[in-house]
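Take the sequence shown: its position 95, counted from the start at 1, is 100 in our numbering, and no numbers get skipped.
In case anyone wonders, no lab produced these hints; they're calculated from the structure. What you are looking at is a predicted structure, and each value in this text was computed from that prediction instead of being measured. The C-beta atom is built at its ideal place from N, Cα and C for all residues, glycine as well. Be aware that one or more of the hints could be misleading.
Stated by the list, open to error - Pair by pair, the computed Cβ-Cβ distance ranges are:
{"hint": "1", "residue 1": "Asn289", "residue 2": "Gly225", "range": "24 to 30 Å"}
{"hint": "2", "residue 1": "Pro188", "residue 2": "Ala351", "range": "54 to 60 Å"}
{"hint": "3", "residue 1": "Ala299", "residue 2": "Asn272", "range": "33 to 39 Å"}
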Amino acid sequence: MMYNQYLKTLVIFIILFALPICGNWLFLYNSGELLPVEEIAHKQCVNNQQCIVGLATRNQGYYYKKALYQETKPKVLILGSSRVMQFRKAFFSQSMINAGGAMNSINEGLSFLRDVLKESTPEAVIIGLDYWWFNQNALEPSLAVKPPPKLSHTLTLRSYLLPYKWLWQQKITLGQYVQRMNPLYSFLEHAEYGIGVDGIFYQNGFAEDGSYVYTKTITGREKNIDDKFELSFTSMAQNGPRFEYGDSIDATHFEQFKEIVKLLEGNKIKVYFFIAPLAPRIANKMDEYQKEYAFIATLRSTLTAAGISFMDFHHPDLIGATDCEFIDGIHGGDLVYAKILRSLAATHPTLNAYVDHQYLTQVTHYYRDIAMIPPQNVQQTEIDFLHLGCDKSTQYVSLRS
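My request is simple: use the sequences and hints to build the entire structure.
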């Protein structure tokens, strides 16, 4: 009798819990969500231009970008936080990997460079500097140079329940779910269309060069969290994230930064530093907080005194960027970074050999007030996603061949 009751309980458990979880596992597996980052980078590089990686269950920026670098061994390396992710391979005439997101602090950047330089040495490195990296009130100094923890590609129980949430929120359709929970579905035969839920269904995520495609945001599929830059303004007023106040730069942070300079110069790599831009409205507002952000002026003078060459795009007026060309208050779009690269190349002749001047000239001449230069494997239309009254009509201009 007890044995029969046990069997009934087991059957009920399997029906109510195990089978649905198995279905979700199949859906995630057949979407590429369970692949190790090394395999993701390999498949993406093999598929080349058509594959966007958008994992909805985990963020492995450091290790994914490291794997991309190891796959391609590029001549040009872009390094920085997510703010530099809009440098595209189309901007360059030589091989390039965008490792934006692999350097979220000076410490992390030094670790990444030490890792990848063991594999190969790029000819040129472009590094975008975030002012808060040098502010001890934003990032606590650490003498230990180490990478961020590597997350397992084996997901948690909570992750396995996510497909139900996506169905409820209509982020995926029932048809899409059923198709990919089919045990006979071959993910490998469809990997060229994208890897990960966001990459497959939204064309949102990392392109094959490591740059980022903000499809969900710019097309209005997902609400911009910095609508009208309100989040940035609030964070600035409240000493919040990315806008922490500070009197001076931290000595430990700066010494580690000099280690980066020494490492690159010691490997005879051409290096180009720049301070990444804020949206014009945000930069102008920050000017009203000169006392609170005194460390930024100190950073500029300290870099100059140390003999470290850099270009300052903190105020994007230098390149003629507009608010409408930003993703949010701190992330410039494609057009902003095309303008930055043109300015860098104009100032540093040694960079000219790596830049596609014809392409950069065309996009900066014909496009205005758009965040994404079309096409980026995306069929949807860019809207006024910041609700600033932006005219996005130039996105329909066809470039001359």
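Query raised in the report: Can you give the numbers of the hints that this structure goes against, from lowest to highest?
Result: none
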